[in-house]
Amino acid sequence: MDFFSLHTNTFKNGIHPPENKEDTKGLPIRQFPFASELIIPMTQHIGAPAEITVREGQEVARGQVIAKATGYVSVPIHSPISGVVTQIGLVPTISGNKAQGVTIKAFPSSGQEVAEGYCIDYKTASADEILQAIQNAGIVGLGGAAFPTHVKLKVPEGKVCDYLIINGIECEPYLTTDHRVMLQQGDDIYMGIRYLMKVTGAKEAIIGIEGNKQDAADSLTKIKPTDIPVSVKVVPVKYPQGSEKMLITAVLGKEVPSGGLPIDVNIVTVNIATTAEIGRLLPHGRGIQERVITITGPAVKKKGNYLIPIGTPLRFVLDHVGIVDDIAEIYMGGPMMGPAVADLDISITKGTSGILVFGSKDVIHTDKIYPCIKCSACVDACPISLNPSKLGILAKFESYDRMVSDFNLMDCFECGSCSYVCPSHIPLVQYFRLSKSRYKRKQALNQQ
Amino acid sequence: MSKVTLNISTSPHLVKGLSTDTIMKNVLYALLPAAAFGVFSFGWNALLVMITTTLGAMLTEHYLNKWYGKLTTIYDYSAALSGLLLGMTLPPVFPLWMAFLGSVITIALGKFIFGGLGYNVFNPALVGRAFLQAAFPVAITTWLQPFLPERFYSVSSSIYAWPFMRPTVDAVSGATPLSAFKFDKVSTEAYDMAMGICSGSVGETSTVFIILGGLYLAWRKMLNWRIPVSIIMTVFVFSAVFYMLDGVAYPSPFFTIFSGGLMLGAIFMATDMVSSPITSEGVWVYGSIIGLLRGVIR
Numbered sequence: 001m002d003f004f005s006l007h008t009n010t011f012k013n014g015i016h017p018p019e020n021k022e023d024t025k026g027l028p029i030r031q032f033p034f035a036s037e038l039i040i041p042m043t044q045h046i047g048a049p050a051e052i053t054v055r056e057g058q059e060v061a062r063g064q065v066i067a068k069a070t071g072y073v074s075v076p077i078h079s080p081i082s083g084v085v086t087q088i089g090l091v092p093t094i095s096g097n098k099a100q101g102v103t104i105k106a107f108p109s110s111g112q113e114v115a116e117g118y119c120i121d122y123k124t125a126s127a128d129e130i131l132q133a134i135q136n137a138g139i140v141g142l143g144g145a146a147f148p149t150h151v152k153l154k155v156p157e158g159k160v161c162d163y164l165i166i167n168g169i170e171c172e173p174y175l176t177t178d179h180r181v182m183l184q185q186g187d188d189i190y191m192g193i194r195y196l197m198k199v200t201g202a203k204e205a206i207i208g209i210e211g212n213k214q215d216a217a218d219s220l221t222k223i224k225p226t227d228i229p230v231s232v233k234v235v236p237v238k239y240p241q242g243s244e245k246m247l248i249t250a251v252l253g254k255e256v257p258s259g260g261l262p263i264d265v266n267i268v269t270v271n272i273a274t275t276a277e278i279g280r281l282l283p284h285g286r287g288i289q290e291r292v293i294t295i296t297g298p299a300v301k302k303k304g305n306y307l308i309p310i311g312t313p314l315r316f317v318l319d320h321v322g323i324v325d326d327i328a329e330i331y332m333g334g335p336m337m338g339p340a341v342a343d344l345d346i347s348i349t350k351g352t353s354g355i356l357v358f359g360s361k362d363v364i365h366t367d368k369i370y371p372c373i374k375c376s377a378c379v380d381a382c383p384i385s386l387n388p389s390k391l392g393i394l395a396k397f398e399s400y401d402r403m404v405s406d407f408n409l410m411d412c413f414e415c416g417s418c419s420y421v422c423p424s425h426i427p428l429v430q431y432f433r434l435s436k437s438r439y440k441r442k443q444a445l446n447q448q
Numbered sequence: 001m002s003k004v005t006l007n008i009s010t011s012p013h014l015v016k017g018l019s020t021d022t023i024m025k026n027v028l029y030a031l032l033p034a035a036a037f038g039v040f041s042f043g044w045n046a047l048l049v050m051i052t053t054t055l056g057a058m059l060t061e062h063y064l065n066k067w068y069g070k071l072t073t074i075y076d077y078s079a080a081l082s083g084l085l086l087g088m089t090l091p092p093v094f095p096l097w098m099a100f101l102g103s104v105i106t107i108a109l110g111k112f113i114f115g116g117l118g119y120n121v122f123n124p125a126l127v128g129r130a131f132l133q134a135a136f137p138v139a140i141t142t143w144l145q146p147f148l149p150e151r152f153y154s155v156s157s158s159i160y161a162w163p164f165m166r167p168t169v170d171a172v173s174g175a176t177p178l179s180a181f182k183f184d185k186v187s188t189e190a191y192d193m194a195m196g197i198c199s200g201s202v203g204e205t206s207t208v209f210i211i212l213g214g215l216y217l218a219w220r221k222m223l224n225w226r227i228p229v230s231i232i233m234t235v236f237v238f239s240a241v242f243y244m245l246d247g248v249a250y251p252s253p254f255f256t257i258f259s260g261g262l263m264l265g266a267i268f269m270a271t272d273m274v275s276s277p278i279t280s281e282g283v284w285v286y287g288s289i290i291g292l293l294r295g296v297i298r
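Sequences listed follow chains B and U, in order.
The first sequence: position 239 = 239 (my numbering), numbered continuously.
The second sequence: position 148 = 148 (my numbering), numbered continuously.
With the rest of the complex left out, here is chain U (with noise of 0.2 Å):
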């Protein structure tokens, strides 16, 4: 036998070949279905709100790791999935500088100050949404209707509003059925929510397809089932109780699983692995907790 060179490792010498950044992408495919439905209900506005927030966190990753002397870490897809999760909880016409400073505050006070991917305390995403939910309490709750006819020809123009600007709203505005059961006790159809048809925020109205990437994640075992599933079930029956005890002054347990953020937030949110428990027993008292909170909140 001729010379040979052997590298030397250590044993195990079999990787399963799993990789975060494949982690992060394909939780990135699985909120696109919701996303583009998104897009498809609230037109062109939806479209650039997500954008704009899944580049501006991209680029504050990629300017801060470069401001401290740091390789680029945009290359995981991190900074691009909390962006894009933020883009999904806001308003469609919230207006763009505002969409742009909270991905800014989303990856460096949500994340960069803690030492980056894999030491935040918080989800970076929620953590750019109370921000934005603090400073801009209107234009947070300002709504649009879903389906309207020229969403693919006009964009509103309250999204190009300038920086400290009061923004015209030309929008037409439509109340999301939380807050049309809540002033007007007017419930909306759990199916009707289940399939979109209602305002909300960018990414958080079509539930079956928020379910449906759920699931992918679920099968490719890079989500853990048990957060979503026991924050929902806390949430039902919670509700329940209360609906069971008054059926005007509180919604039913159906309208309460489907509506507002709550499938985004249970499925996408909560399941963040940074922030989330890492013991399947830890795990089943966490999303109890957040489900319990929820209903108190709510």
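Bound-form chain B, shown alone (with noise of 0.2 Å):
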């Protein structure tokens, strides 16, 4: 048990909530229609927000730039539509702040064709080439984090990456977007690897896919490549595991050290909804215009995977799917760590995996929170073994520091699996996120 623990192809601890991923997984990937107007703003990515390279009243090309990145960590903005710069301005989004954005009223006639760009070859094109592609081809990480992806792969001085592990795992519940990119997309999903590894220097690249793909990871390993060493393999079905340190745990046995990252174990992973991504867009020298998101839900009416151009408003989105009368929540992306959404006017960005839709009598409310009583359900879930039970009990006395210092705080990412499985109902990494925050702030004051 505990005492003579091997690699067992997993990460240590974890949950097993409910995938409900039966009614969307089997549907194919389709083409989502165009709102009359779409509404972009600057914030879609991890970094400095894009800056708006257009003015009102322009007219733009489906695929044209419309904002450039400000400084290494950011990204471009293609237009995901050819239509007519309307209004400029602060439009809503997910988080509930405004961010400046462009509002674009499509051309009722136009044929929507992309413009080819310039191809960057994965044979002639140099790692810095390529990396630079990536940057001007705006891609963030898709799966949900929105991280630009030029960033991550840059390999600093002094190390070196081994492996390039592709996150193939998609353990949230509900979602099957990469599920389905996986089936359709074998080949871009390669060319993209080629891509990477040429960036990365990786000697190997490993496809991590959770065992309820197992059709997904049977269609991959048929049409895999000879020219590149590259590897399926399937990892028992477990939440969070599509984390990368988890991820990175699972298929090679390795810990990411407290506070780094995985290239100080000579990994680097990249999702591959993004690989995907890459391996379509380069080789056109485009930009991202359009992803694939699952609607699904219990309030949903046409569940499934659908290809959404990039700044269609959420309104629009639900209209077309068809809801029920009485939603009481929705969320943008998975369950276990997608926002609530408060407002149907924001639209879809490059880091919406999934919109889940639940009407008032499928939502479970705790209302009732017990006192902690120790039983070690959260302990026993914490997949970076954390103590959640004394945290929680150090965040209601506000002690941020001693849980900062003596209970690593910095390291918990969110995951949510210790309120998940709290008999007492206690919202565990709800006080984490808000110690988090307010343990930021007050090292901030005292520096200034």
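Read the hints as simulated data drawn from the structure, not as lab findings.
You may find that some hints are simply not true.
[Said to hold, decoys possible] Derived BS3-like pairs: lysine-lysine, alpha-carbon spacing no greater than 27 Å straight-line:
| # | chain 1 | residue 1 | chain 2 | residue 2 |
| --- | --- | --- | --- | --- |
| 1 | B | Lys-233 | B | Lys-254 |
| 2 | B | Lys-21 | U | Lys-221 |
| 3 | B | Lys-368 | U | Lys-70 |
[As the list claims (entries may be wrong)] Some chain B residues well away from chain U (every beta-carbon gap over 12 Å; in silico):
| # | residue |
| --- | --- |
| 4 | Ile-46 |
| 5 | Glu-157 |
| 6 | Val-232 |
| 7 | Asp-325 |
| 8 | Glu-329 |
| 9 | Val-363 |
| 10 | Ser-424 |
| 11 | Ala-444 |
[Unchecked claim] Residues of chain B clear of chain U, computed beta-carbon distances all greater than 12 Å:
| # | residue |
| --- | --- |
| 12 | Glu-37 |
| 13 | Glu-56 |
| 14 | Thr-221 |
| 15 | Ala-342 |
Beta carbons are placed, not taken as given, at the ideal position from N, Cα and C, and that holds for glycine.
Each of the two chains sits in its own frame; use the hints to bring them together as a complex.
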């Protein structure tokens, strides 16, 4: 048992929430219609917001750059539609804050063809040229974090990348976008891996897939190319295996040190949809204009996996798929880590991997909070072996310094496993989010 | 689309759906077969003792909360559980007023002064039991023979004793296997003890039903199986060593693990979530220490 832990193709602890992927995992990706007006916020990625390069009244073509990157940790944004810029100003976003954004009205009779750009050939281009091309294509982590991919791929001076791990885990319940991408865009994925291997200098690439997507693993194995050293590895289903540190432990049995990055153990991980997008866009010199999104949940009538243009208003999406009358909650992304939607006027961004709609009778409310009975359910669930029980008690007393110094609060990546299992319904991960931000604010004040 | 009202909540939006009161209720259910066997074996006496301690614990919990202006917490079932556990560790002919006092101590000193559920440092039922052991050493070692024919027709008069009066002992007293061995060197068959054909506390005699209850809880993942396993293993090894050294002075390891309240203690007392360790490594250490201490003391 705990004494004799051998590497078992998975990580320690974790949880098994109901998967709820049955409704959409068999549905092929379908093109979503264009809304008549798209709203594109400039804060679609982590890092500096993009800077708008178009003006009101200007006509833009689909695929044209409408905002440029401002600095290294930033990416440009491309127009998802051919039309005319009707408005530049503040637009609502999922965070609740307003951000600068561009509103584009579609040309009703346009064929919406995408202009061909300069092809970046993986055989002839240098690593730096590919990195630049990835930034130019506006590519960010499509799993939900939306971190600029070129930053992640840059191997720092003095470090080497041995393994490239492609993350096809998709451990969040309900979501099936990566599953469909693996089934339908295998060639794009392998093309993307060719670019990625050149950029990182990795000696070997491994595609990690959870056991509930065996068909995807089989289909990727079947079309596996022979020119690159790539393999497919199926690991047992467990949440939060899609987190990159958990994935590395599951696939290679290595542990990323506390506060470290995967490159500290000579590994780079990239999301599978991001990989497919790199393989699809770079040969044509294009940028991201659309992405695959799973729209599901008990309150959705036409569930499915849709290819939706960036900037499509959420209201338009919901009108198109049809939802029941008494909806209660909408989540962007998966149910374990995705934020709830407060405003239907927000639009689809590069980081949106799913839209889940729950009716009022589908939402489970746990109002009654009991005291912590130290049952150790959270300790047995925490994938990074923290002590959420102790942290939760400290959070109540606002001992943020102790939480960080003695109990490694900053390692928490907010997967929510502790809150999921807690029989006393203590909002543990919610406490930790708050504690982290309070701690950071306190640190910032102390430095002034 | 018409105007909608959206709830805003922070992730995770899914919950496992297990609740603290569900855990407490299931532990209660798991205790019931052993408690019922106690009634079957010792008659109405046993039932009265358990009802007194359970109600006593719930009333204490309720009124203490009320006194301090808090919402009552009896609906989390933890008070009922502590009360029943206390009752199961008492002799079947235990005077009811003492049992009631024990249940008040269980909740007030074992749990409430620490801040209620989740903050107690000891298992509340054992605090109550320790108090009774110190306060009433005679009453708590007065046993009753099992399966007396009149057990469902009459109730032993000693359990109705008035407070501070010397109880008139009319019960047909029977020695527990442990005292029989200690004082008379009579060893009871391990099989009889496992089946509960022996005298002892209300709820500790039927080892089989206690183990079944424990298996149920372990299956529902409401009990950390490492605790009873480590305790019983340690006790077994410890007594096996002594038995091999001197088979006359020391009982066999099978006798040891089936006698007294060991099973009840290992499965239902030591596994009290609040006062047991939280990591699985800690649990092994904890269980072994309990097992060693038991060996040294007994």
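Query - Beyond 12 Å from every chain U Cβ - status for Val-363 (chain B) - result: It is violated; Val-363 (chain B) is separated from chain U by about 7 Å at its closest Cβ, not greater than 12 Å.
Query raised in the report: So is Glu-329 (chain B) really clear of chain U, every C-beta pair being over 12 Å apart?
Result: Label violated. Min Cβ-Cβ 5 Å, cutoff 12 Å.
Query - Given as non-interface: Ala-444 (chain B), partner chain U, CB spacing beyond 12 Å - result: 23 Å, holds
Requested in this report: With 12 Å as the threshold, tell me whether Asp-325 (chain B) passes as away from chain U on beta-carbon distances.
Outcome: Its Cβ does come within 12 Å of chain U, the nearest being 8 Å, so this is violated.
Requested in this report: For the pair we were handed, Lys-368 (chain B) and Lys-70 (chain U), check the Cα-Cα distance against 27 Å.
Outcome: 15 Å, holds
Query - Interface exclusion of Glu-37 (chain B) relative to chain U, criterion Cβ beyond 12 Å - result: Per Cβ check, Glu-37 (chain B) is outside 12 Å of chain U; nearest 16 Å; holds.
Query raised in the report: Any Cβ of chain U at or closer than 12 Å to Glu-157 (chain B), or is the non-interface label fine?
Result: 37 Å, holds
Query - Whether Val-232 (chain B) stays farther than 12 Å from all C-beta atoms of chain U, as the label says - result: At roughly 29 Å from the nearest Cβ of chain U, Val-232 (chain B) sits farther out than 12 Å, so the non-interface label holds.
Query - Separation of Glu-56 (chain B) from chain U, once the least beta-carbon distance is taken, above 12 Å - result: Nearest chain U Cβ is 28 Å from Glu-56 (chain B), so the label holds.
Report task. Find the nearest Cβ of chain U to the Cβ of Ser-424 (chain B) and say whether that gap is larger than 12 Å. Result -> 5 Å, violated
Report task. Below or equal to 27 Å on CA atoms is what counts here, so check Lys-233 (chain B) against Lys-254 (chain B). Result -> 15 Å, holds
Query raised in the report: Is the hinted pair Lys-21 (chain B) and Lys-221 (chain U) satisfied, with a Cα-Cα distance of at most 27 Å?
Result: Roughly 26 Å separates the two Cα atoms, so the pair holds.
In the structure shown, a violation is registered for the earlier hints numbered 7, 8, 9, 10 and 15, in ascending order.
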